[in-house]
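*Asks:* Sequence:
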Amino acid sequence: MLVLAAVFALLQLANVTGRDTPDTKNYLSYALSLRGDGKREAAAATIDYACAGGAAIAARRQSVDVVRFHLPDPSHRVMAECRAREWRNVEARLRAGQTGGHTVPFMPERFMRIFEVRPGYPLFLVPFVTLFGATWGLWLAGVVVTVAGGVLVFLILRTLRAPAPLCLTGQALYLVLPCGTTAMRPMTEGLMLALTLAALWGCALALEDGRVRAGAWLVVGSLAALFTVKHSQALFLGLCLAVAGSLVALRRLRRGRAAGRGPAVLAVAGCCGVLGTMLLSRLLHYPAESESLQDLLTHHFARPDRTRAWPEFLHLQVNFWWEWLRRQLWEPLFVAALAAGAWGALARGRRRAFGVFVVAAACTGILTQAGHPDMGIWGGRLIVLAWLLPVLGVPLLLEPVVRGQVVLPAQEGSDRAHSMR
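When the letters of the sequence shown are read in order and numbered with numbering that gives the first Met the number 0, they come out as residues 0 to 420.
Please keep in mind that the hints were generated in silico from the structure rather than gathered at the bench. Every residue gets a Cβ at the ideal spot worked out from N, C-alpha and C, and that includes glycine. Certain hints may be false.
What the hints assert, rightly or not - Here are the simulated distance ranges between beta carbons: (1) 220 x 2: 38 to 44 Å; (2) 246 x 40: 50 to 56 Å; (3) 250 x 162: 23 to 29 Å.
Please build the complete structure, drawing on both the sequences and the hints.
*Replies:* Now the structure itself:
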């Protein structure tokens, strides 16, 4: 397990810069503000980091451009243009009085308010950027949170008593599939994946290891931490776990079996997460669903608010999922991986209850994508939580082969020849 983690960390040295997205500036400036930097000081460090990433990407692209590869390195020009552009924007907003909150005003105040209510990831970044600076701090934070996710996959499969090779397979799948790639980006997704896996580990402890109380507290703690990272994810995960626990308990009762404490306790933990998220978000005056909807339909409040937001949103949903399905049928790896993961998670009777919780956690990725149906948001990062289904399900699907419970054709022929002799 540790060797896999170390190899992964070494491989990530190939891309120390250039992983950031536009939202990274908001999280980095938030973290710098939390450690005590002023607005302009935080802006300077954030702009330098973002522009250095853009310059590195420009240099890499030109080096393999069949027309421009022989031209001078564009890094200095791109860096200077980026700095001038970002500082003009920030200075204009600061002069206009947009000085509140922890984030540097790179975008309109209504948009920045969405990031102000997500202190969890910036808090996680503070020790890294303080000790190692912005570039290496963000890289190391990405490595730590991604490796932690892989280790949690290993621990979940060990709790399910899967053989060690399959636990390592699950860890490797997490690192090489889009889970690892997305978790390495300086965004909230890596921490969200790790906390979701922590909640699933709690489910495994409650259902498979008999430690119901410890598992329930781990689920509640993970949901509480998720609330600080992205409260909509805490809401989705709590809801899905509550539904999964209720379904498992009802199914056992209908079959005349004792439901056990595990599913019911996990359902209660999920309900507490839902109610707590809704109550706290209202008490703290977090942006409501309507704000997120207007952000989507007005392209980050760059246009006037939509008067018929919900009908337009539903129309966009239909268009989005038709286009999404068309693309998946064109390149069906994701759909095939989901099918294999669901088969592995739900096929075996003893672990089928936990498989329901894995499917529920994966559904939060679908819900997150449905909440923001936009094809152009840095690949599939919004739906990335759905990849947890193949990460955990495929090793379980392979377990009968590893344990020798499936007779392969070559083995069957050998056994038949042996019996004839």
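*Asks:* Now look at each hint and say whether the structure bears it out.
*Replies:* Outcome of the hint check:
1. Checked against the given bound of 38 to 44 Å, the beta carbons of residue 220 and residue 2, roughly 29 Å apart, lie outside it.
2. Here the CB-CB span from residue 246 to residue 40 is close to 52 Å, well matched to the stated 50 to 56 Å.
3. In this structure the supplied range 23 to 29 Å holds for residue 250 paired with residue 162, their Cβ-Cβ distance being about 28 Å.
In terms of the numbered hints stated before, the structure departs from hint 1 and from no other.
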